[in-house]
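Quick mapping for you: the protein sequence lines, in order, are chains B and E. Taking full-length UniProt numbering, the leading residue of the first sequence gets 1, the next gets one more, and so forth. Taking full-length UniProt numbering, the leading residue of the second sequence gets 1, the next gets one more, and so forth.
Heads up, some of the hints might be wrong.
Stated by the list, open to error - Keeping only pairs whose Cα atoms sit at most 25 angstroms apart, straight-line, the calculated BS3-like set for lysine-lysine is:
hint: 1; chain 1: B; residue 1: K325; chain 2: B; residue 2: K263
hint: 2; chain 1: B; residue 1: K133; chain 2: B; residue 2: K181
hint: 3; chain 1: E; residue 1: K215; chain 2: B; residue 2: K135
hint: 4; chain 1: B; residue 1: K321; chain 2: B; residue 2: K263
hint: 5; chain 1: B; residue 1: K321; chain 2: B; residue 2: K332
hint: 6; chain 1: B; residue 1: K133; chain 2: E; residue 2: K2
Claimed, not checked - One-sided excerpt, in silico: chain B residues whose CB lies under 10 angstroms from chain E:
hint: 7; residue: L54
hint: 8; residue: Q89
hint: 9; residue: F94
hint: 10; residue: A110
hint: 11; residue: K114
Unchecked claim - So the derived label-pair ranges between C-beta atoms look like this:
hint: 12; chain 1: E; residue 1: D119; chain 2: B; residue 2: K332; range: 42 to 50 angstroms
hint: 13; chain 1: E; residue 1: G121; chain 2: B; residue 2: K332; range: 38 to 46 angstroms
hint: 14; chain 1: B; residue 1: K5; chain 2: E; residue 2: L146; range: 39 to 47 angstroms
hint: 15; chain 1: B; residue 1: S73; chain 2: E; residue 2: D119; range: 22 to 30 angstroms
hint: 16; chain 1: B; residue 1: G111; chain 2: E; residue 2: N60; range: 30 to 38 angstroms
hint: 17; chain 1: B; residue 1: D136; chain 2: E; residue 2: G121; range: 17 to 25 angstroms
Worth flagging that the hints you see were computed from the coordinates, not collected in a lab. From the three backbone atoms N, C-alpha and C, an ideal C-beta is built for every residue, glycine too.
Here are the chains, one letter per residue:
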Amino acid sequence: MIEFKNVSKTFRSGQKKVEAVKNVSLSIDQGDIFGIIGFSGAGKSTLLRLVNMLERPDSGAVHIQGIDIQKLSAKELRKRRQRIGMIFQNFNLFNARTVAGNVGYPLKLAGIPKKEREKKVTELLQFVGLADKAKDFPDQLSGGQKQRVGIARALATSPDILICDEATSALDPDTTADILKLLKQVNQDFGVTILLITHEMHVIQSICNKVAVMEAGEVIETGNVFNTFTNPQHVTTQKFIRSVQQDLPSKSILEKWKANGGKKLYRIIFQGDITNQPILSTTTRKHHVDFNIVYGSVRELQERLFGNLLISFTGDDSHIKQVLKELKTIVKIEEVDDYESGLV
Amino acid sequence: MKVDWSSFWPQIVEATGQTITMVVATLIFGSIIGITIGLLLFVTRENNILENRFLFQLLNFIINIIRPIPFIIFLVAISQLTRLVVGTTIGTAAAIFPMTIVASFTIARVVENNLVSIDPGVIEAAQAMGASPLRIIFTVLIPEALGPLILGLTFVSVSLIDFSAVAGTVGGGGLGHIAMTYGYQRFDGSVMLVTVLILIVMVQLAQWIGNTLSKWIMRR
Ligand SMILES: Nc1ncnc2c1ncn2[C@@H]1O[C@H](COP(=O)(O)OP(=O)(O)OP(=O)(O)O)[C@@H](O)[C@H]1O
Ligand SMILES: [Mg+2]
Numbered sequence: 001m002i003e004f005k006n007v008s009k010t011f012r013s014g015q016k017k018v019e020a021v022k023n024v025s026l027s028i029d030q031g032d033i034f035g036i037i038g039f040s041g042a043g044k045s046t047l048l049r050l051v052n053m054l055e056r057p058d059s060g061a062v063h064i065q066g067i068d069i070q071k072l073s074a075k076e077l078r079k080r081r082q083r084i085g086m087i088f089q090n091f092n093l094f095n096a097r098t099v100a101g102n103v104g105y106p107l108k109l110a111g112i113p114k115k116e117r118e119k120k121v122t123e124l125l126q127f128v129g130l131a132d133k134a135k136d137f138p139d140q141l142s143g144g145q146k147q148r149v150g151i152a153r154a155l156a157t158s159p160d161i162l163i164c165d166e167a168t169s170a171l172d173p174d175t176t177a178d179i180l181k182l183l184k185q186v187n188q189d190f191g192v193t194i195l196l197i198t199h200e201m202h203v204i205q206s207i208c209n210k211v212a213v214m215e216a217g218e219v220i221e222t223g224n225v226f227n228t229f230t231n232p233q234h235v236t237t238q239k240f241i242r243s244v245q246q247d248l249p250s251k252s253i254l255e256k257w258k259a260n261g262g263k264k265l266y267r268i269i270f271q272g273d274i275t276n277q278p279i280l281s282t283t284t285r286k287h288h289v290d291f292n293i294v295y296g297s298v299r300e301l302q303e304r305l306f307g308n309l310l311i312s313f314t315g316d317d318s319h320i321k322q323v324l325k326e327l328k329t330i331v332k333i334e335e336v337d338d339y340e341s342g343l344v
Numbered sequence: 001m002k003v004d005w006s007s008f009w010p011q012i013v014e015a016t017g018q019t020i021t022m023v024v025a026t027l028i029f030g031s032i033i034g035i036t037i038g039l040l041l042f043v044t045r046e047n048n049i050l051e052n053r054f055l056f057q058l059l060n061f062i063i064n065i066i067r068p069i070p071f072i073i074f075l076v077a078i079s080q081l082t083r084l085v086v087g088t089t090i091g092t093a094a095a096i097f098p099m100t101i102v103a104s105f106t107i108a109r110v111v112e113n114n115l116v117s118i119d120p121g122v123i124e125a126a127q128a129m130g131a132s133p134l135r136i137i138f139t140v141l142i143p144e145a146l147g148p149l150i151l152g153l154t155f156v157s158v159s160l161i162d163f164s165a166v167a168g169t170v171g172g173g174g175l176g177h178i179a180m181t182y183g184y185q186r187f188d189g190s191v192m193l194v195t196v197l198i199l200i201v202m203v204q205l206a207q208w209i210g211n212t213l214s215k216w217i218m219r220r
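Please model the complete structure; the sequences and the hints are all you need to start from.
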């Protein structure tokens with residue numbers, strides 16, 4: 001659907017050069033809700049704006065449905081843009097137009113006759129739950145309502161792609177959840193492919209099926225959300241994941257644990273069906289080892305279960321080794337070292 | 001020597017009419033030219049929808065040259081050009097020409113300032129929807145800036161009333177001329193008082209119209 005092929009974009013202002021996007025290759029499939037996450041300045045917005053050529057790449061290409069959109073003429077590009085909806089962190093509504101006027105604007109651009117336009121606007125406002133606000137002006141709306149108008153406006157011309165630049169970053173947690181639900185609905189009801197960027201991992205966790213992590217202009221990790229969450233490769237990815245699910249107790253608790261002669265801690269990660277089986281107790285019983293769960297959780301992610309437990313074992317050293325060896329064949333298990341726990 | 005008010009009134013009425021003609025005509029021509037230049041100035045800026053360094057620098061340069069010149073000096077300085085274009089340097093029509101030039105550049109700056117305060121995100125949203133630059137000018141820039149723009153134009157019209165009086169003193173006719181020849185040179189305080197009162201009423205009226213209009217456009 002959308003393909004970034006070795007795209008780079010550098011901004012030059014005077015002597016300064018900022019490589020906002022560095023040699024990024026990504027491919028977003030039809031029907032995806034693809035999330036790009038990264039800290040501020042990572043180059044997310046720039047990458048997103050390459051999709052509708054609000055920014056032009058210095059090298060590389062962006063293909064949409066197989067077409068290199070950089071090669072389109074100005075007029076063709078405008079036509080193509082009508083089928084790429086975009087929503088923004090600050091909503092960017094036309095203040096001089098009513099809610100209905102805002103939603104109707106892209107339809108006017110597309111040359112849709114008045115009657116049809118009005119019908120479509122009514123439908124869209126119903127879809128986003130703002131039918132009663134049609135005649136209001138944007139400054140009479142709350143942030144969440146403004147974003148609903150933004151979404152309705154972006155969907156007006158029945159786009160096949162929706163790109164979202166931090167669509168929920170200006171909203172409170174409850175409103176964020178509502179807007180995310182709405183985006184999911186857009187994806188499911190209309191089959192719109194969504195590319196969103198965010199700096200909040202919970203946004204990715206709640207609606208995305210795929211994720212890419214960006215740092216300093218580069219994509220450092222990408223994959224489906226379940227795998228990335230359960231097996232993050234890059235330190236930055238791990239950091240983001242910890243922001244939504246703490247997989248370690250706090251440093252002070254770990255220090256206390258160590259000071260009181262606590263044993264080595266092991267992290268066990270369960271995924272999917274394995275969470276239904278009593279692996280731990282069968283293995284430890286077999287080798288006469290006791291285990292103690294120090295910390296952990298089992299949660300749902302992408303409709304699959306995912307467990308993360310910190311465990312210490314008591315028993316004969318050689319037996320513990322046996323237990324570890326056996327567990328390793330079934331689940332992911334690793335020693336929690338001092339570096340990871342922040343004790344060094 | 002005092003004027004005879006019974007026969008003088010018609011002259012006052014005529015002069016008021018001339019002043020209004022000068023101000024309104026200048027406002028109309030000045031707005032057409034000024035809004036066009038202001039829009040050009042805005043859209044040709046760096047990173048804007050029709051970025052054009054040369055045009056921007058040129059317009060900016062001309063405005064910066066003309067605006068600081070005191071109106072009375074400008075009026076005299078371009079009198080040869082006025083004669084060439086209008087055919088004469090005295091009378092209402094001859095006053096409208098230099099007034100329009102000055103008003104155009106003032107309005108251009110006012111327009112530019114109002115446009116700069118539009119959130120660039122809104123322009124970007126229109127671009128992302130596939131709006132052409134011309135479309136953006138007429139359906140985004142102008143509507144979004146209209147409320148404050150009317151207030152800006154009101155401010156300009158008030159100073160045009162001032163300019164018309166200045167033009168009047170050097171042969172432009174209107175209330176400035178009356179005030180100068182009867183009130184000042186013949187020391188008739190009553191004429192001075194009447195012209196001043198009429199000018200005050202005109203300013204108030206212009207301000208009131210502008211405020212009402214912009215309030216109506218901004219609807220809040
Ligand atoms: N038009 C521009 N001119 C110059 N530099 C720019 C421009 N746009 C972005 N940059 C720079 O490029 C880098 C990436 O910016 P970008 O907006 O893509 O980051 P981001 O990941 O979206 O950050 P944030 O989360 O803060 O929005 C930054 O260093 C930024 O300063
Ligand atoms: Mg950004």
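Hint-by-hint comparison with the structure:
Proximity of K325(B) to K263(B) is assessed by CA-CA distance (about 18 angstroms); at most 25 angstroms being required, the pair is judged to hold. For the proposed pair K133(B) and K181(B), the alpha carbon gap of about 20 angstroms is at most 25 angstroms, so the pair holds. Straight-line distance between C-alpha atoms of K215(E) and K135(B) comes to about 18 angstroms, which keeps the hinted pair within the 25 angstroms bound. Taken as a hint, the K321(B) and K263(B) pair is honoured in the structure, with Cα atoms around 14 angstroms apart against an allowance of 25 angstroms.
Proposed proximity of K321(B) and K332(B) is supported: the alpha carbons are some 15 angstroms apart, at most 25 angstroms. In summary, the hint linking K133(B) to K2(E) is not supported, as the alpha carbons are separated by about 67 angstroms, beyond the 25 angstroms threshold. Taking 10 angstroms as the C-beta cut-off, the interface hint given for L54(B) holds, the closest approach to chain E being about 6 angstroms. A cut of 10 angstroms between beta carbons decides the hint on Q89(B): the least distance to chain E is about 9 angstroms, and the hint holds.
For F94(B), the suggested interface contact is upheld, since its CB lies about 6 angstroms from the closest CB of chain E, less than 10 angstroms. Given hint, A110(B) at the interface with chain E, holds; its Cβ is 8 angstroms from that chain's nearest Cβ, closer than 10 angstroms. With 10 angstroms as the threshold, the beta carbon of K114(B) stays out of range of chain E, its nearest partner Cβ sitting at about 15 angstroms, so the hint is violated. Between D119(E) and K332(B) the Cβ separation comes to about 49 angstroms, which falls inside the hinted range of 42 to 50 angstroms.
A C-beta distance of roughly 45 angstroms is found between G121(E) and K332(B), which places it inside the suggested range of 38 to 46 angstroms. With their beta carbons about 44 angstroms apart, K5(B) and L146(E) fall inside the hinted range of 39 to 47 angstroms. A beta carbon spacing of about 29 angstroms between S73(B) and D119(E) agrees with the range 22 to 30 angstroms that was offered as a hint. Separated by about 37 angstroms at the C-beta atoms, G111(B) and N60(E) satisfy the suggested range of 30 to 38 angstroms.
A hinted range of 17 to 25 angstroms for the beta carbons of D136(B) and G121(E) is consistent with their spacing of about 20 angstroms.
Violated hints for the displayed structure, listed by number in ascending order: 6 and 11.
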